[in-house]
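Taking mature numbering (1 follows the signal peptide of the UniProt record, and there is no 0), I'd label the letters of the sequence shown as residues -20 to -1, 1 to 219.
A hint or two may mislead.
[Said to hold, decoys possible] For each label pair, taking beta carbons as the anchor points, the in silico distance ranges come out as:
{"id": "1", "residue 1": "46", "residue 2": "80", "range": "21 to 31 Å"}
{"id": "2", "residue 1": "205", "residue 2": "72", "range": "37 to 47 Å"}
{"id": "3", "residue 1": "194", "residue 2": "59", "range": "49 to 59 Å"}
{"id": "4", "residue 1": "7", "residue 2": "123", "range": "53 to 63 Å"}
{"id": "5", "residue 1": "194", "residue 2": "99", "range": "23 to 33 Å"}
{"id": "6", "residue 1": "196", "residue 2": "29", "range": "39 to 49 Å"}
{"id": "7", "residue 1": "44", "residue 2": "145", "range": "40 to 50 Å"}
These are computed hints drawn from the structure, not numbers from a lab. For each residue, glycine too, the CB sits at the ideal point set by N, CA and C.
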Amino acid sequence: MKIKLALLISASLMSGYAFADSVTVNSFATISTGVSNNNPNSITVPDDRITSLQSTQGVLTAREATANGSVVFSTLATKPFTMFVQTESGFSFTVNATPRKQQGMSLVVNNKEVKGTEDATTWEGSQNTYSALITGLISRFINNDKPQGFVFSKNTDVQLSPSVQSYFNVRPVTAWRGDKLRIIRLELTSRSSSRLELNERWFWQAGVMAVSFWPRLDAISPGGKVSAIILLRENGGQQ
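Could you build the full structure based on these sequences and the hints that come with them?
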């Protein structure tokens, strides 16, 4: 089983209320949402800057980039239209917009394929040993001390073994992405009726570099919770 989000997301808006939504997609995805045609709307891509927002000529009556890389736009359209968005990092997606009179829409689009900057490449390569790389990054992750160049990621996908699916309810919590490394935290809640000995091998698969449980426990009681910290090596990264 993979924990994943759909690429096509429909977001409905309630008339008379400000609307904010956050979605996570891969590049070239399509997002369907409502927008206001009597108030400004905004689109934000975390850890990135929107460099282009295009639509049919005359549909957008105003568009303005903000200091944090978002784009604020207005429209008087009364019929659905399409916008094409591209960011500084090359992330691109399409927004199918349905206009109506209401409070402005605020859309946050997370890039599931986001990677860290060149500083992340430098940090990964500066660790003296393989062991230092693993222990150092896991320790910083637990203490929320993100290395320079690493970014938050919504990509918490990991293949779960039959044992994990059988013994636990699993909730993705957070993830970081560097250049070639991704580290994620899953919250595990035991649904076993007996005490379970924790086993890192439950999470071993291709690409996994290390697994750690936090807090450090050897076993978990029925209904108990523990976090699994999983460090993975990803394809791609800086060349």
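Hint by hint, here is what the structure shows:
no., hint, in the structure
1, 46 with 80: 21 to 31 Å, "24 Å, holds"
2, 205 with 72: 37 to 47 Å, "39 Å, holds"
3, 194 with 59: 49 to 59 Å, "52 Å, holds"
4, 7 with 123: 53 to 63 Å, "32 Å, violated"
5, 194 with 99: 23 to 33 Å, "26 Å, holds"
6, 196 with 29: 39 to 49 Å, "40 Å, holds"
7, 44 with 145: 40 to 50 Å, "48 Å, holds"
Taken one by one, the earlier hints fail for this structure only at number 4.
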